[in-house]
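Read off the chains here:
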Amino acid sequence: MNLTFTDRRKVIQIHDLKKNYGNNTVLDGFNMDLYEGETLVIMGKSGSGKSVMIKCLIGLEKIDSGDINIMGKDITAISEDDLNEIRTEVGFLFQGSALYDSMTVRENLEFPLRRHTKKFGKLGDATPLVMEALHNVGLDNAADLMPEELSGGMKRRIALARTLILNPKIILYDEPTTGLDPITSKEIILLMKSIQEKYKTSSIIITHDVDCARFIANRMILLVDGKNYAEGTFEELYASEDPKVHAFFKS
Amino acid sequence: MENESNSAIRDILVETGEITIFGVRFFKEIFRRPFEFKEFLRQCYNVGNKSILLVGIAGFIIGLVFTLQSRPKMEELGAVSWLPSMVSISIIREIGPIITALICAGKIGSGIGAEIGSMRVTEQIDAMEVSGTNPFKYLVVTRILATTFMVPLLVFMADAIALLGSFLVENLKGDVSFTLYFSEVQMSVEFLDFIPATIKTFFFGFAIGLVGCFKGYNTKHGTAGVGVSANSAVVEASIFVFILDFVAVLLTEIIYNI
Ligand SMILES: Nc1ncnc2c1ncn2[C@@H]1O[C@H](COP(=O)(O)OP(=O)(O)OP(=O)(O)O)[C@@H](O)[C@H]1O
Ligand SMILES: [Mg+2]
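These protein sequences, in sequence, are chains A and B. Residues in the first sequence are numbered consecutively from 7, following our numbering. Residues in the second sequence are numbered consecutively from 38, following our numbering.
Take these hints with a grain of salt, some might be off.
The calculated SDA-like cross-link candidates involving lysine to any residue, where the alpha carbons are at most 20 Å apart (straight line), are [what the hints assert, rightly or not]:
#1 75/B with 121/A
#2 199/A with 234/A
#3 68/A with 75/B
#4 75/B with 106/A
#5 68/A with 239/B
Non-contacting residues of chain B with respect to chain A, defined by C-beta distances greater than 12 Å in every case (computed) [claimed, not checked]:
#6 68
#7 103
#8 159
#9 175
#10 262
Hints in this document: simulated from the structure, not taken from any laboratory. This one's a predicted model, so the numbers in the text were calculated from it and none came from an experiment. Cβ coordinates follow ideal geometry from the N, Cα and C atoms, glycine included.
Please build the complete structure, drawing on both the sequences and the hints.
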């Protein structure tokens, strides 16, 4: 079932990424390629720098050295406008959902559209788009709720809908199933899979969830000590004899 | 001991420097399009809505109490007819602006610190950034502008209500009519009392918005940090208000003595 994507175009390239906070070295020469249409899962211990890596990737954190290339553009060396242009092609699902809690679900979903009124018309006109996004995540009737009225799983779905509303070509998921019960997790995983198949997106998924990785990964990277420690398909890593790799799968 | 006070002074300097840099960024971003007009209006409404009642009550009671307490002494000195002018000058020059600013530092400053702070720690600010909206413009610029414009208006209102409270006492105790009271006020309060008093209120408003936003925007250490931000926003905004007030009085003195 694991197709190879390595002959496709690279949509993201990270080369020798380094990042410190004071004298805490978080990333120490991390490398990663993402191929078009591929689902890459990144695993690593808590605190190993996965979130930092993905935030560097989208320009939320300044990097110390290295190259980050998204769809052919070096994002460390472009203007803010160009960076925003690229960001419309990249969706980001935050670890804690990050819904705007002073806005309704509808306003949350409209927020990414507000910079694109040329394309979508005035915000009030975007309703079909909002409804489609809500339908995609199975929450057709949630438009007028406030985030505080949603359960954790619903929040995650709305956040996913917000991520999808601009039809991104690449989606970055930071621990999409953490903190959810197994059934809801499974639903989210199925949702991610169906989105991937429907829109042919390329995705990076950060997760601790072995079942999620087994189900969805085309390829995996283990992040240890700020470097890629091991790389391969789920089956390859799962069968690995290396104790550090082994530890991720048997807990 | 000496080390301790040294590091305290260093902290104050670092903090002042960082707030200054934040303020400079505000002036840079304010001229860059797009201007978030709707959010600005919403924030103006918020500032007014949150503080209008408290400012009104405080103004009324201060006008009332101030007049009640000054009255016996003025009567003793046979100067009771001077009361409206004394009260109005004190209120317009000093009491109205400072009380309003302190209330706003407490209500608005902490509110902004907590709101932006919790948006920071729950990654809502990051989410704005990745969706292509400049969070500094959307959150910070609009709020600082809103406090800068709204605090002077609130001071205006507080002054008016305080004078009303004062009039009420005069009317009941001294049988002074509305027209008499306010023509006294009008005669004694000069245009020149208004100008410096009003100018400084813009600075008060600016400082309250700036400190609140600065604290919120730089919130660290998760949810516990939000409380710290809200709290220190109140403390630092109040200190700024006092310092600005002192500077305003000095400057007014210098200018009027030329
Ligand atoms: N803004 C920051 N300032 C200072 N240190 C930070 C900051 N953000 C992250 N770190 C440090 O970077 C390291 C990696 O953090 P990160 O959030 O990337 O971990 P993670 O791999 O995502 O863990 P988890 O699985 O728990 O989410 C941690 O040691 C953390 O203390
Ligand atoms: Mg993380």
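### Message
Run through the hints listed earlier and report the numbers of any the structure violates, in increasing order.
### Response
Those not satisfied are hints 2, 3, 5, 8 and 9.
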